[in-house]
Amino acid sequence: MKIKFPTWLTVVGGTLALLIIPLIIFLPKAEASSKDPWAGVPEAEPHTDHTNLISGELETGQDVTRACLECHSDAGTEVMQTAHWTWESEPVTLPGRDEPVTIGKKNQINNFCIGIQGNWSSCTTCHIGYGWDDAEYFETATDEDVDCLVCHDQSGAYAKGINGNPLEGSDLLSAAKSVARPTRQNCGSCHFNGGGGNAVKHGDLDESLYWPSASIDVHMGEHDFQCIDCHQTADHNISGRSISVSVDNENQIYCTNCHSTDLHEDSRLNAHTDTVACQTCHIPQFAVEDPTKMEWDWSTAGQDIGDDPHTYLKIKGSFVYESNVQPQYMWYNGTADRYILGDTIDPDEVTAINQPLGDINDSTSLIFPFKVHEATQIYDVNYDYLIQPKTVGEGGYWVEFDWQLAAELGAEFTGLPYSGEYGWTQTVMYWPTTHMVQPTHEALQCVDCHGENGRLDWEALGYPGDPIDWGGRTTFFEN
Amino acid sequence: MKQKHLRLVAVGLIAAGLITIALGFSAQTAAAQSPLHPTFALLDADGEHVLETGNPVSTTNTCGQCHDTEFIASHNYHNDVGFSSLTEAGTTASGRSWDTSGGLFGKWDPITYRYLTPAGDHLADLSTEEWIQTYGLRHAGGGPADDAGVEINCFLCHLINPDNDSRIAALEASDFEWASTATLLDSEVVSISDGEYQWNEAAFDPQGEVLPAVIGIHDPTDDNCGLCHGTVHTEPETPLAISGCEDTGYTTSTTGQVITAQRIDDTGMNIQNKNELGFAWDVHIERRVECVDCHYSLNNPVYTSGSGSFSLEHLDYDPRRVELGEYIVQPMHDFARGESAQSTVSPETKGTIRRCEGCHNVENSHDWLPYIDTHMNAMLCESCHIPQIYNAATQQVDWTVVELDGTSQTACRGVEGDTGTINDLVTGYEPVLIQRQNLDGTLKLAPYNLITSWFWVHGEPERPVRLQDLEAVFLDGESYAADVVVFFDADGSGEIEAGELNLDTEEKAAFVAAKLEKLGLSSPRISAEVQPYSISHNVIEGQLATAECTACHSDESRVTQPIQLASYVPGDVIPVFVQDSNTLNHGDIYLEEDGSLYYQPDPQAEGMYVFGHDKVAWVDWFGAILFLGVLGGISTHGGIRVWYSIKRPQPKHKTKKIDIYTLYERIWHWLQTLSITILAFTGLIIHRPEMFGLFDFNGVVLVHNIVAGTLAVNAALALFYNLVSGDIQRFMPEPKGFFNQMMMQAKFYLGGIFKGEEHPFEKTRVKRLNVLQKITYLGILNVLLPLQGLTGILMWGVSRWPEYALKLGGLPFLAPFHTLVAWSFVSFIVAHVYLTTTGHTPMAGIKSMFVGWDEVEIHSGSHEEEE
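Chain order of the listed sequences is A and B.
Everything in the first sequence is counted per numbering that gives the first Met the number 0, starting at 0 for the first residue and increasing by one.
Everything in the second sequence is counted per numbering that gives the first Met the number 0, starting at 0 for the first residue and increasing by one.
Looking at chain A on its own, in the form it has when it is part of the complex (with noise of 0.2 Å):
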């Protein structure tokens, strides 16, 4: 029997089809936009629950270790490839050098503590291995070394303390069963404490962003991400640098990576951006909370005038400690050149241990913000370089008070020779400000660097004047 397919919805379809169609072709088509701010991120496998996996006695962290290679055998191996373990850079030509160098905690300087060499078992602390406390420890030192917990434990028992050594007192056992992806307290109990204590060393990483609020770090705050969503990690090499130690370009991390540099809806921001880098704007201020360290003095040290952790400390001298600081601006293609320990200065002028690089004729470098910190170190008066000074233990300044002997001592770990005269010389160091980007409503205004008061020095960046007025450094250049 033939079925017959009824008019009525013939009738019933075409009509409605005849209606719709005009509809669907003028109305307005809802603009599919990407607001998720975990949209760029590469979803996380779920960890393992490590509770039932880990048992049995476990003395020493190589313990802990042990257990964790039983399965993750090429992790140790893993970590001892990354800058985490090695605290030295690959060998990097810096300009104005025939030689390669390599650039590291291990056997360069800055100006805060100033060097680890003979000062390993405080520096070590924040290593992630177990037992360095010579010259000798990377010859010796083997995957059972590398410490897991470090990064892994969120028990919140475990706590690293001389040499790198797991503190006394740490619960290994619990801690190992806790093991997961690393939250903010992993990274910060390192990062935020750089340079001696809270806030001191970066301007942008700080205790403050265990539990942000918005106002201080939109993703971490606003958003609720951890520092590994935007360090990614691949063989546990952690994406993102800083060029107080590592003065390539290589394992950046951009705001470039999840945004788009096009996602002003004014089309005026968008032509910002081939110039000025997003931090610029969106962290208008570093710092929010904590008051980060700006200078260090060290000639004042020694004196028992009364210690405050942030005026004053008799084995570290004066210090300068500010909140919610305005950056300074400088153009900066991502490289910077570097202090190696030897290098002669002009005690008179100030050193700068990482110059960033880059200008305004250089196309790939952008207007960044920075931290700068001011320090007065202890140089040598008749070879004109910086000393390294021993600053913990036995002989060293801590102890002794005594720069000359702290100036010795530190020679013998550096193999810089010391002429028995040392003085004060000016340096600084530049820290990217990076962390700490604010919501949208507080980048920066227009008028923030444009006008009468603006935060920019458009002379000191290489302009004529106020681009506003005469023009970006493409149109004004290119005319």
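The set of hints was computed from the structure by calculation and includes no laboratory data.
Nothing here was measured: the structure is a model prediction, and the numbers come from that model.
Any given hint could turn out to be false.
What the hints assert, rightly or not - Label pairs and their in silico Cβ distance ranges:
{"no.": "1", "chain 1": "A", "residue 1": "325", "chain 2": "B", "residue 2": "313", "range": "47 to 55 Å"}
{"no.": "2", "chain 1": "B", "residue 1": "366", "chain 2": "A", "residue 2": "15", "range": "26 to 34 Å"}
{"no.": "3", "chain 1": "B", "residue 1": "641", "chain 2": "A", "residue 2": "21", "range": "34 to 42 Å"}
{"no.": "4", "chain 1": "A", "residue 1": "21", "chain 2": "B", "residue 2": "416", "range": "54 to 62 Å"}
{"no.": "5", "chain 1": "B", "residue 1": "546", "chain 2": "A", "residue 2": "262", "range": "18 to 26 Å"}
{"no.": "6", "chain 1": "A", "residue 1": "91", "chain 2": "B", "residue 2": "38", "range": "38 to 46 Å"}
{"no.": "7", "chain 1": "B", "residue 1": "366", "chain 2": "A", "residue 2": "325", "range": "35 to 43 Å"}
{"no.": "8", "chain 1": "A", "residue 1": "236", "chain 2": "B", "residue 2": "416", "range": "58 to 66 Å"}
Claimed, not checked - In the SDA-like style, the derived pairs of lysine to any residue whose C-alpha atoms are separated by at most 20 Å in a straight line are:
{"no.": "9", "chain 1": "B", "residue 1": "846", "chain 2": "A", "residue 2": "12"}
{"no.": "10", "chain 1": "A", "residue 1": "28", "chain 2": "B", "residue 2": "369"}
{"no.": "11", "chain 1": "A", "residue 1": "28", "chain 2": "B", "residue 2": "366"}
C-beta atoms are modelled at their ideal positions from N, C-alpha and C, and glycine is treated no differently.
We have chain A; now place chain B onto it with these hints.
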């Protein structure tokens, strides 16, 4: 000769400066000292160096070394302030019988109250000297103050750090000739000790010229303007803090406008919902537009568009203009200005400003806005782009009483709480939209604050009661007079507290009047006026402007939103609008039950028709009656049919099945049905959006337009189909027997149908419409549908081809007409649907329109031929 020589020097200096810049040796931002201004000697009134004479500096002579100060003084309403147009009292545009000019010097301001005594008055309030002492703080010197020794104060506007406080103090102390010198006190060049001014030699170079580091000269910045005009806040890092109703300068106090780039949520103020206000207070300031960028000197060659005072239609750019050098010698100090309601000085310079459209391209930025031209012709940009003032502003000034400190009872709008501290909650206010009479003859809505003042006047010609007389009535030294306390102390506390000092009863008013009479003032009476204050600053960023159509196009329209005038009415005197403002004020001033006074604008009474808000009431009434009438008619008819069918069974008629509608006809029909239903429904929403809050107005309008397009295309294609197929004849009533057939059909509907009689005419494919239907369809398809389409297209096209709409009466006619036709359509549909139930069974007609065939009665003796 001397002038010419100086001019050459100036031009040379400028040229040298420009070359220097061009070579890139020196590049300055607008921030600091002018890069061009040379060092100069400070001369006194005799042209001698002040270091030699120790005399006060003369700006005319000092600045006159290069600039033509005489010219500057003669083109300068900031100095003149009405002085040159002084006239006989009572003859100014304000109509006040004691006003003698349109400017600060001679025009009364009920807020500041003190007034310049007209010549010949025996009761004196302010002499010229006293006027300088009182109003000098808002006057840049010169003009009326020249004779008293107050020269044009160039320093006030051109110094980077003028000492305005010392200037005002010098004026108040009648130290008139030292006023300009006092303005320099913040610099090292002069100091004061024991009232003696001392010029400081170290501030001058060996040639006697002031060292550039000592006095910084520059183009006026916002800070300079703010010294007299209101609150200017240029420090981005310092939170702005204004407390409640505090006096923050003329423009800020009268309107709430603040010149700052600061985000509202970054201020230190207690503003309601502050955390959601993460945008700049004033977008222009935020984007680095300064006061003088819009209020430029009228012969500044950078800004002005041509040489003459008129612009040539065929020229976009006129290169013939004052040379930069000439300008610097003779810069006009009349500045481009708008057409504010409150400022009536120097009327010839009004409307000289480059308005929003002078910089902004309206078409490019408003492509989302329907009826762009209509909107732009009806309102100023400010109406949408300044939707809210996030600050308090003066609302009412009550001078019928006086406070212990000699001030009026003043209250602000936009603030809750009366502690007068930063803790008062600033709610801000929505400016009232009032039509402005523009100089070009147009009328446009613009935002305003309204300030209402009550005050005593006396005598004939009328004069305001002087402050000293008012104080004599109320005060006795430092406290209220004993009889006043008795009268006003409502709670018997022995003191007059806040809230007690007002004329809320007739007795109190009579009491004060009697005391005034006792002072010799004849027939004292209370007068009251409303002064509109224009709001053109504090434009917020574009995305935040009013963009919701229903903000205006609804019952609760912004254009008729009332604004409170006062929280009480002193002496029950209802105020009237001032006569010299350029606004139309045909709205209603009315009292609320709580005794507060409101003004509700009525733009419809002023000839403005606001789509969606203004309705022609009879259209809806007529439409509703028509609709209900039809509904009532068919209900009655249907009821009778049902009643008859129950009462006596209907005879069965012999039927046959015929194909009656082609597929095309059926689709055509249902498409029209759906389109018209949707159009009626969306039209209703557009007509009464406030009743359908669920729907997005813009979306509904769009759907309405698209479906109208579908209907139009469908109708046009049907016309073609019917013409080509010849089917159109079916709609045509035949002349032969037309009247008879009509009567027969009507008779059937009115009688036979109830009894179950046969339809008078047999329905066939060709003759499926009876004669009544034919008439109806002729009306619908030839009259209603085209009218509805035409009015609809014209309304849609008002912004595209406004001239056509205007020919047909514009929106005020088209919109109600469209509504009227819509009512007719809806009524027709109801009747039409009902008539479909008159077939052999009630649902047969509808069913046939789906399936195409119907069972129709077979009439015996039918002459109709089957097709």
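Hints versus structure:
Between residue 325(A) and residue 313(B), the C-beta spacing of about 52 Å keeps the proposed range 47 to 55 Å intact. Distance hint check: the CB atoms of residue 366(B) and residue 15(A) are about 32 Å apart, consistent with the given range 26 to 34 Å. Here the CB-CB span from residue 641(B) to residue 21(A) is close to 41 Å, well matched to the stated 34 to 42 Å. Take residue 21(A) and residue 416(B): their Cβ atoms lie about 56 Å apart, and the range 54 to 62 Å holds.
A hinted range of 18 to 26 Å holds for the C-beta pair residue 546(B) and residue 262(A), which are about 22 Å apart. With their beta carbons about 54 Å apart, residue 91(A) and residue 38(B) fall outside the hinted range of 38 to 46 Å. In this structure the supplied range 35 to 43 Å holds for residue 366(B) paired with residue 325(A), their Cβ-Cβ distance being about 39 Å. Checked against the hint of 58 to 66 Å, the C-beta distance between residue 236(A) and residue 416(B) comes to roughly 60 Å, which is consistent with it.
Under the criterion of a C-alpha separation no larger than 20 Å, the hint pairing residue 846(B) with residue 12(A) is consistent with the structure, at around 16 Å. About 18 Å separates the Cα atoms of residue 28(A) and residue 369(B), which keeps this hinted pair within 20 Å; it holds. Taking the CA atoms of residue 28(A) and residue 366(B), the gap is about 17 Å. The hint holds against a cut of 20 Å.
Of the numbered hints stated above, the single one contradicted by the structure is hint 6.
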